[in-house]
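Visitor: All chains, full assembly: derive it from the sequences and hints.
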Amino acid sequence: MSEQKTKPKRSRLRKIARRTFLIGTGAIAGGLAVGYYFYQREHPNPLLADLDDGEVSFNHYVTVAPDNTITIIVPRAEMGQGVSTTLAALVAEELDVGLHAINIEHGPASPAYLNQAMMIESAPFPTFDRSFSAEGMRGVMEVVSKYLALQVTSGSSATIDAFEKMRYAGAATREVLKQAAAEKFGVPQSTLATENATVTDPASGQSATYGELAASAVGKAPPADMELRGRSEWKLLGKAQPRTDIRKKVTGMPIFGVDVDLPEMLYATVKMNPRLGGTVNSIDAAEAEKMKGVVKVVPIESQTGNGFGVIANNSWRAFQAAEAVKADWGSAPYPADTDAITAKLKEALNGGEVSSLREAGDVTTTFADAPSDNLVEAEYQVPYLAHACMEPMNATAWFRDGKLDVWAPNQAPTILQDICASTAGIDGTDVAIHTTFLGGGFGRRGEVDFAIYATKLAMAADGKPIKVTWAREEDTTHDTYRPGAIGRYRAVLDDAGHPKALHATVAAPSIMASVLGRTYPSLPAGGPDKTIIEGAYDQPYEIEHYRIDAAKADLAIPVGFWRSVGNSFNPFMHESFLDEIAAKSGKDPLALRLELAKPWPTATGVLQKVADMAHWGEPIPDGRAQGVAFALSFGTWVAQIVQVKDEDGSIRIEKVWCAADPGEVLDPGIFKAQMMSGIVFGLSSAVGQEITFADGMVEQSNFHDYDAIRMNQCPDIEVEILENAAHMGGAGEPGTPPSIPALANAVFALTANRVRKLPLSNEVDFV
Amino acid sequence: MKLTVNGAVHELDIEPEMPLLWVLRDELNIKGPKFGCGIAMCGACTVHVDGEPVRSCSLAIGDVEGEVTTIDAIASDDTLHAVQEAWIKEQVPQCGYCQSGQIMSAVALLRDVPNPTDEDIDDAMSGNLCRCGTYPRIRAAIKSAAAMKVGA
Ligand code: FES
Ligand code: FES
Chain D
494 MSEQKTKPKR
504 SRLRKIARRT
514 FLIGTGAIAG
524 GLAVGYYFYQ
534 REHPNPLLAD
544 LDDGEVSFNH
554 YVTVAPDNTI
564 TIIVPRAEMG
574 QGVSTTLAAL
584 VAEELDVGLH
594 AINIEHGPAS
604 PAYLNQAMMI
614 ESAPFPTFDR
624 SFSAEGMRGV
634 MEVVSKYLAL
644 QVTSGSSATI
654 DAFEKMRYAG
664 AATREVLKQA
674 AAEKFGVPQS
684 TLATENATVT
694 DPASGQSATY
704 GELAASAVGK
714 APPADMELRG
724 RSEWKLLGKA
734 QPRTDIRKKV
744 TGMPIFGVDV
754 DLPEMLYATV
764 KMNPRLGGTV
774 NSIDAAEAEK
784 MKGVVKVVPI
794 ESQTGNGFGV
804 IANNSWRAFQ
814 AAEAVKADWG
824 SAPYPADTDA
834 ITAKLKEALN
844 GGEVSSLREA
854 GDVTTTFADA
864 PSDNLVEAEY
874 QVPYLAHACM
884 EPMNATAWFR
894 DGKLDVWAPN
904 QAPTILQDIC
914 ASTAGIDGTD
924 VAIHTTFLGG
934 GFGRRGEVDF
944 AIYATKLAMA
954 ADGKPIKVTW
964 AREEDTTHDT
974 YRPGAIGRYR
984 AVLDDAGHPK
994 ALHATVAAPS
1004 IMASVLGRTY
1014 PSLPAGGPDK
1024 TIIEGAYDQP
1034 YEIEHYRIDA
1044 AKADLAIPVG
1054 FWRSVGNSFN
1064 PFMHESFLDE
1074 IAAKSGKDPL
1084 ALRLELAKPW
1094 PTATGVLQKV
1104 ADMAHWGEPI
1114 PDGRAQGVAF
1124 ALSFGTWVAQ
1134 IVQVKDEDGS
1144 IRIEKVWCAA
1154 DPGEVLDPGI
1164 FKAQMMSGIV
1174 FGLSSAVGQE
1184 ITFADGMVEQ
1194 SNFHDYDAIR
1204 MNQCPDIEVE
1214 ILENAAHMGG
1224 AGEPGTPPSI
1234 PALANAVFAL
1244 TANRVRKLPL
1254 SNEVDFV
Chain V
-4 MKLTVNGAVH
6 ELDIEPEMPL
16 LWVLRDELNI
26 KGPKFGCGIA
36 MCGACTVHVD
46 GEPVRSCSLA
56 IGDVEGEVTT
66 IDAIASDDTL
76 HAVQEAWIKE
86 QVPQCGYCQS
96 GQIMSAVALL
106 RDVPNPTDED
116 IDDAMSGNLC
126 RCGTYPRIRA
136 AIKSAAAMKV
146 GA
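Read top to bottom, the protein sequences are chains D and V. Numbering follows my numbering, in which position 645 of the first sequence is assigned residue number 1138; successive positions increment by one, without gaps. Numbering follows my numbering, in which position 89 of the second sequence is assigned residue number 84; successive positions increment by one, without gaps.
Mixed in with the good hints there might be a few duds.
[To be verified] In silico EDC-like pairs for lysine to aspartate or glutamate, Cα to Cα no more than 16 Å straight-line:
| id | chain 1 | residue 1 | chain 2 | residue 2 |
| --- | --- | --- | --- | --- |
| 1 | D | Lys819 | D | Glu780 |
| 2 | D | Lys839 | D | Glu872 |
| 3 | D | Lys677 | D | Glu657 |
| 4 | V | Lys(-3) | V | Asp8 |
| 5 | D | Lys741 | V | Glu85 |
| 6 | V | Lys138 | D | Glu780 |
| 7 | D | Lys741 | V | Asp73 |
| 8 | D | Lys741 | V | Glu12 |
| 9 | V | Lys84 | V | Asp107 |
| 10 | D | Lys741 | V | Asp118 |
| 11 | D | Lys785 | V | Glu12 |
| 12 | D | Lys785 | V | Asp8 |
| 13 | D | Lys957 | D | Asp1105 |
Bear in mind the hints are in silico, worked out from the structure with no lab data behind them.
Guide: Following this line, the structure appears as structure tokens:
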């Protein structure tokens, strides 16, 4: 056995954070065109370091080779949400190249790509931490927090962020190529046209490809008054494009992290203390180290977990040997079982210390004065959840000559670079992060644990590359979970049955504190956390006396961003409760929402639309019922209706209608697919998923006890897009939040059973 | 022992209990079949043995009797298999990780049942998990492949 000891380096977070905030302010306050130039000035082009012979790069997003090979950089993780298509189309639209005639690459991890979307990713930590709200930062924080309403992980914000910037990159490249062509042809630039990566002069009949012009265009400056093309001129954007990654994905190409293959590569796995965050009392690897193909067993101590790795010459042999290691695990730093964990949530709920993000009217007096007949009260509970990405966590690392290369399906390359550098005790400039395709992300791959372990094992691998694949059991039991939560809701109805007061308190552990604590342990992590009540405090409903309180529960189970974050549970509570109000007052659930959302036509628009799609309120065949729900998350307004059917006492989810308004949609095909995906993800959790604890360990381990909806259970899904919202919203996550309450409300409509605790299958049967 | 994969014969000196999946991926560098669960619960590792779909993560190499075909070999040169074409037409994949397995299950289904009903599709495909929720498009693609008469 060998022991890995590395001295963590001082974190670069402060520096990174300051820089990103400043970029954010520049771009927002100075206008987008200014932002583009500011951004270009601020960060040298990282592509210049790695060009092929004769290849040139005009900016962070485009390279052109002499043979007219055009490469567009999409520096965002492709985890299925189609960024490698839509973001490339932004550049291609202005550059006049075909989307399928170009190369699309992820590009290097570089602070140059730490743009607004990355700012959104990295900013939440300090924003919720008062000690970071230093003098002079407050104004910036305000701007940042507006953006935070959109998204915390990269998925739903990638397009919003890139929308102007990447189109400018395409336009700027086109313009300098035209300048070069004008000189070459001896004609004024204004007569030139561009198409298919070629500049032509229709009058003289001359033409040259971008590849032929590229070398002479280097160093030219694009015009300062460059204008982007209007929507009516778009050829690619606004229309469904064939995905650029599709052929690779139907031919089984080795595009994922688990597929990385390097010369003399070793294979490894890890087994960390299943009492998450606990220490290791002892490890006996004697048997394991004798097994066929096993190179060695390496203890791992780290900020994200303690345990060991097994290095072997085959992944399966590593899995087998890991099972043969006898480990005595230390105890968990949180209550040992689900009941005790629930008690902690209740303690926070009843504890009285809350922070409110929505306060209208006078809730306290209204409730004190209300006749008890006019009260509605309910308590809701949701469980911890695992991400269960199809591709188990993995990373490949190669440490040689003081330099580290890490290949990983990940959502945060620059953070990985920073953390891997401190893990290896080297400088960030000596770490290269290679981002592969992701076999699912859902927020899990914004974490750093898989890369830390791979780095540590690579340092014990004598200069050989090492691929570390987690067994599914390790993945399920060592996730950064969607937190469990409990919400207490109460309302006062007026005599017409209209809610005149609504008060909710939601207790959950802080996701922000958990993420920050394990990513940058040296930084303080206190302060309120809006994820506890997002999806409840920020909904477009008008109620005279309205208060939503967050109560932070003190639980050390690692929790993280799970597709739609706090929106994955708050709309379940809030929207179920609106249905309970409707039931009490005898109102139609849809009509009640239309009433409350009246000041927001975008909200009533999607509600009305989905009602039309589902023929809401019209007679439907026997044994069927519908439920409706709405949620505004990540800037996208979504209403859904779920139809369920009684099949011999079991419930079938027969149909889902979804009306979504993200403002402008750049690719309706990909947007609809994302809604559909979010719906299946949400329904899967609502039907049957829960993570429970016993003896400090997660009880579920694989898809037999942590399953998701399958082909035979999947409803028909119909999605319609509206484009009335004033600002562009996200796509990756907003489909999930309303699906859960819409199903619970449909189950109530069908069975008169109001299920207030997820998953629903603990109380009703599904096919 | 001898193993025939995608038409090529391999001579292997390997413990017979190693699952076929890991022989393919780590010993033969055939990366089409993916690892999802290791217990026959997700279908990501689906390959054909003599044309029958099997979960290669749960089939010991010592028990493989027949020729193995993986997603890597169902297209011939530049011509994709009709099921792959249908997958492109319906734009099925999202992350894509489950799709090798989905396609291998669908190819076997369509060979046995050229015009599958919804129930046939449910039966043949419910062992293949997709966390991205692409099922409605998979169903559409199977029907569109059937319409192209791939089973005939
Ligand atoms: S990996 Fe074989 S079925 Fe999941
Ligand atoms: S496409 Fe991602 S798991 Fe199926």
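Visitor: Looking back at the numbered hints, which does the structure fail to meet, lowest number first?
Guide: Checked against the structure, the hints that fail are numbers 3, 6, 8, 9, 10, 13, while the rest are satisfied.
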